[in-house]
Every structure is written in C-alpha cells, then in structure tokens.
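Asker: Since the structure of chain A is already known, use the hints to place chain B on it.
There are 2 protein chains.
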Amino acid sequence: MTRFMDVHHGMQGITAQQLKEGHDATAAIEQEEGVHFEHAWADPESGTVYCLSEGPSADAVRRVHERGGGGAPDEIHAVPLTV
Amino acid sequence: MTRFMDVHHGMQGITAQQLKEGHDATAAIEQEEGVHFEHAWADPESGTVYCLSEGPSADAVRRVHERGGGGAPDEIHAVPLTV
Numbered sequence: 001m002t003r004f005m006d007v008h009h010g011m012q013g014i015t016a017q018q019l020k021e022g023h024d025a026t027a028a029i030e031q032e033e034g035v036h037f038e039h040a041w042a043d044p045e046s047g048t049v050y051c052l053s054e055g056p057s058a059d060a061v062r063r064v065h066e067r068g069g070g071g072a073p074d075e076i077h078a079v080p081l082t083v
Numbered sequence: 084m085t086r087f088m089d090v091h092h093g094m095q096g097i098t099a100q101q102l103k104e105g106h107d108a109t110a111a112i113e114q115e116e117g118v119h120f121e122h123a124w125a126d127p128e129s130g131t132v133y134c135l136s137e138g139p140s141a142d143a144v145r146r147v148h149e150r151g152g153g154g155a156p157d158e159i160h161a162v163p164l165t166v
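Which chain is which? The protein sequence lines are A and B, in order. The first sequence begins at 1 in my numbering and counts up by one. The second sequence begins at 84 in my numbering and counts up by one.
Since the hints were derived computationally from the structure, they do not count as laboratory data. Hints may be right or wrong, so weigh each one.
[What the hints assert, rightly or not] Output of the computed footprint for chain A on chain B, the stretches with three or more beta carbons under 8 Å from beta carbons of chain A: (1) 88-99; (2) 139-150; (3) 155-165.
[What the hints assert, rightly or not] Computed list of chain A residues with no C-beta within reach of chain B, every gap over 12 Å: (4) Gly22; (5) Ala27; (6) Gln31; (7) Ala40; (8) Asp59; (9) Arg62; (10) Arg67.
Where a beta carbon is used, it is the ideal one built from N, C-alpha and C, also for glycine.
Bound-form chain A, shown alone (with noise of 0.2 Å):
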C-alpha cells in the first residue's frame, strides 16, 4: 500500500456538505479498489482541494474518484514519505 496525495483544481466555492458528500461517496466504494481515503482539505477561495489516501496504485485512486463522481484530480502523488 501507498499514500497517495491527489489535487483538484477549478472547485470554487465547494462548502463542507458538498466535500462530505463527495467523500462519502469514494468511502461507498473505495474497498472495492483496496483504496482508504482518508483525510480531505478544500479551500474554497482557490477551489483547491487535497485528498490524502492509501491504495495499491495511483490508477486505483483515480478510479474511486472517477466512479465516486467527484471527478477525476488534477493531480495525483505518491508520498511514500510522512512526518
């Protein structure tokens, strides 16, 4: 397993139930792509939000996203390093 850090961009304006939503949403299937996500931060003013994960691949991540209707990320990273 790796922890993935993944961005999305253009999301201005996303209030707290819409981020809760679209991470309910990931955790209704993220075991079927061994993927946990596990924290989200949004900054509403930018419309950057940062989605902190762990899985067996970036492709996984990308697909819970994708299928969970939040939209594919901007960006996806490995961190395989954490303090």
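Answerer: This is chain B only, laid out in the frame that chain A set:
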C-alpha cells in the same frame, strides 16, 4: 486559528531524513509565530512536499518556513474545510 496546506516544488530526491530535519527545524521556532505544523508528506520523484499546519495567518506559516531554513513554500492555501 486557521488550517493551511502549503506546497513546495522542486524537492526532487528529498529523503526521509531531510523531511524530518525540516520538520524539526520548523518545530523549534513555530511557537514564536503561533504556528503548529501537524504533518508533512513528500513525493521525492516529482519533488513535491505538502505541509499541513495551523496558524494565525498564511504569512506566519511562511515566516516559519523561511526562518526554519526550509525555504518558502510555492503555494499556501487556507483549508477551512476538512473531512
């Protein structure tokens, strides 16, 4: 207090030890600015580092980075929404 995510680019090849040293350097002075760095995640391949903090302002977060010797982040976003 506001939560911030900041992003550093150009950190290709960063090691776990370097990430820890950077975190320790900011931890040593962060209280002077009322900032607390909670976590950092690094992708040595793309050279991207994400830092999650709490603090009174983006400028305070930036100053801790600069004074800690890690260099100013390329982006810093308030992330008031989290899940």
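Asker: Each hint: holds or not?
Answerer: Right, here's what the structure says about each hint:
1. 88-99: holds (count 4)
2. 139-150: violated (count 0)
3. 155-165: Coverage by chain A holds here, the residue count being 6 at a Cβ distance below 8 Å.
4. Gly22: Glycine 22 of chain A is in fact no farther than 12 Å from some Cβ atom of chain B, at 8 Å.
5. Ala27: 10 Å, violated
6. Gln31: Its Cβ never comes within 12 Å of chain B, the nearest being 18 Å, so this holds.
7. Ala40: Violated: least Cβ distance 5 Å, not greater than 12 Å.
8. Asp59: Since the minimum Cβ distance to chain B is about 16 Å, aspartate 59 of chain A lies beyond 12 Å and the statement holds.
9. Arg62: The claim stands: arginine 62 of chain A keeps its Cβ more than 12 Å from every Cβ of chain B (closest is about 16 Å).
10. Arg67: Per Cβ check, arginine 67 of chain A is outside 12 Å of chain B; nearest 18 Å; holds.
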